[in-house]
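Assemble chain P onto chain H, guided by the hints.
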Amino acid sequence: DVKVTQSSRYLVKRTGEKVFLECVQDMDHENMFWYRQDPGLGLRLIYFSYDVKMKEKGDIPEGYSVSREKKERFSLILESASTNQTSMYLCASSSTGRGNYGYTFGSGTRLTVV
Amino acid sequence: AQSVTQPDIHITVSEGASLELRCNYSYGATPYLFWYVQSPGQGLQLLLKYFSGDTLVQGIKGFEAEFKRSQSSFNLRKPSVHWSDAAEYFCAVGARSGGSQGNLIFGKGTKLSVKP
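Taken in sequence, the protein lines are chains H and P. My numbering numbers the first residue of the first sequence as 1 and each following residue consecutively. My numbering numbers the first residue of the second sequence as 115 and each following residue consecutively.
Among the clues, some could well be false.
Subject to a maximum C-alpha distance of 25 Å in a straight line, what follows is the list of computed PhoX-like cross-link-like pairs (lysine-lysine) [unchecked claim]:
| id | chain 1 | residue 1 | chain 2 | residue 2 |
| --- | --- | --- | --- | --- |
| 1 | P | K175 | P | K163 |
| 2 | H | K71 | H | K57 |
| 3 | H | K3 | H | K70 |
| 4 | P | K222 | H | K57 |
| 5 | H | K3 | P | K163 |
| 6 | P | K175 | H | K3 |
Keep in mind the hints are simulated off the structure, nothing from the lab.
Same shape as in the complex, but just chain H:
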């Protein structure tokens, strides 16, 4: 089975801290995605990447950056955490080698910024 692993299930950080959320997938997927999920707002795309060192802004990139130095790893960076970034963060990966097979998701990281 494809696995997408997010390094932390729960994180508590202070306002102004630089925060790294890590995501690793083990099936050589080309595409990786970061979403945040908030009640009533569904999933909102922050950033995605189609290949190593490539990144594209999603719908809500402000306050975030990403890094993809290796194919299997996609990191989300909160440059200066703020309380409005308290949320559930979901990483996903997919392959388009033979068409769109949909995403495989990690278990999520619940981030609280205090």
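Showing chain P alone in chain H's frame:
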């Protein structure tokens, strides 16, 4: 614009009753279609997907969904709901080709509660 609509934010059904969750999409062509389920505090798990062929697709946990091109719908059904089905359900669509291949558009989700 491409979009996915799940009209019901929250549905409550009794255990053993049948279930139908609605999903409508707006897309330039027939997309790939997916249903995901999310248990509390967890990531999303794929229930089923439609690519082509038979418009009635079977998934895990006894779920099925029917693609209706004329209605741009992909409704999820289960004949008899179990208490463990209480979760949030997301419909999603994806492009068959082109530069956006690999990106999914998600609905906002339908939360299912199950009464004993």
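Going through the hints against the structure:
no., hint, result
1, P/K175 with P/K163, "holds, 14 Å"
2, H/K71 with H/K57, "holds, 18 Å"
3, H/K3 with H/K70, "holds, 16 Å"
4, P/K222 with H/K57, "holds, 20 Å"
5, H/K3 with P/K163, "holds, 19 Å"
6, P/K175 with H/K3, "holds, 20 Å"
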